[in-house]
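Student: These protein sequences, in sequence, are chains A and B. The first sequence lines up with residues 1 to 113 when you count with this note's numbering. The second sequence lines up with residues 114 to 228 when you count with this note's numbering.
If you're looking for bench data, these hints aren't it; they were derived computationally from the structure. Where a beta carbon is used, it is the ideal one built from N, C-alpha and C, also for glycine. Incorrect hints may have been included.
Said to hold, decoys possible - Heads up, incomplete: computed chain A residues facing chain B, CB under 10 Å, no partners named:
1) Q2
2) Q6
3) Q8
4) V46
5) D55
6) Q57
7) F91
8) G95
9) I102
Stated by the list, open to error - Simulated pairs of lysine-lysine, PhoX-like, Cα-Cα distance not exceeding 25 Å:
10) K157(B) <-> K191(B)
11) K157(B) <-> K108(A)
12) K38(A) <-> K157(B)
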Amino acid sequence: AQKVTQAQTEISVVEKEDVTLDCVYETRDTTYYLFWYKQPPSGELVFLIRRNSFDEQNEISGRYSWNFQKSTSSFNFTITASQVVDSAVYFCAAGDSNYQLIWGAGTKLIIKP
Amino acid sequence: EAGVAQSPRYKIIEKRQSVAFWCNPISGHATLYWYQQILGQGPKLLIQFQNNGVVDDSQLPKDRFSAERLKGVDSTLKIQPAKLEDSAVYLCASSSTPPSTDTQYFGPGTRLTVL
Chain A
1 AQKVTQAQTE
11 ISVVEKEDVT
21 LDCVYETRDT
31 TYYLFWYKQP
41 PSGELVFLIR
51 RNSFDEQNEI
61 SGRYSWNFQK
71 STSSFNFTIT
81 ASQVVDSAVY
91 FCAAGDSNYQ
101 LIWGAGTKLI
111 IKP
Chain B
114 EAGVAQSPRY
124 KIIEKRQSVA
134 FWCNPISGHA
144 TLYWYQQILG
154 QGPKLLIQFQ
164 NNGVVDDSQL
174 PKDRFSAERL
184 KGVDSTLKIQ
194 PAKLEDSAVY
204 LCASSSTPPS
214 TDTQYFGPGT
224 RLTVL
């Protein structure tokens, strides 16, 4: 992947609202891999999900869901019924055949009680 | 399964001093990465090891940074001498294969402050 764009620098919502984090990637490769990581205030990057380019099935895991759209080169992440503990910086990243993992700039999510 | 271990968690030094960070990857993971993350930015890859060999160190400032993974397990990253702009979080990650085909798992990071 040559570039990953997370246009939302910061999002603030009230607890229990749904929130979607956007990610747009650019790549010339036909096979690539997309990731979402969460970085809470403690600083550790926590792996959330990986999606392969050849698997376009979207996924739901509890309150988290991911929408992979090849046609728009997007890999968006939605939190349903947000909680204060979801407050963190969320990073989208993409890996390609050059074995480089390209990171977005991150979206800071603030969940207010 | 134990995660990626890093130490120390925090380090404060003065400019021109030396500092070293240690990382122990997840057991069995052949690939180890060191990243630098400056506040408000995404991680930047400094160096990638496959077992004890360097795969990519194109973004490592080699005049002051060095890293080794002698036995193909744990690794150390050193900065000598440190500059103010080296203040950042240094993250270590590991994966069983190169990043495009497998997931990287991260340690808690070392927060370095250079005064």
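Student: Please go over all the hints and tell whether each is borne out by the structure.
Tutor: So, going through the hints one by one against the coordinates:
1. Q2: Hint violated; Q2(A) Cβ to chain B Cβ min 13 Å, cut 10 Å.
2. Q6: 9 Å, holds
3. Q8: 14 Å, violated
4. V46: Holds, because the Cβ-Cβ distance from V46(A) to chain B comes to roughly 8 Å (cut-off 10 Å).
5. D55: 14 Å, violated
6. Q57: 18 Å, violated
7. F91: 6 Å, holds
8. G95: 3 Å, holds
9. I102: Holds, about 9 Å.
10. K157(B) <-> K191(B): 16 Å, holds
11. K157(B) <-> K108(A): At roughly 18 Å apart (the allowed maximum being 25 Å), K108(A) and K157(B) satisfy the hint.
12. K38(A) <-> K157(B): Roughly 16 Å separates the two Cα atoms, so the pair holds.
Taken one by one, the earlier hints fail for this structure at numbers 1, 3, 5 and 6, listed in ascending order.
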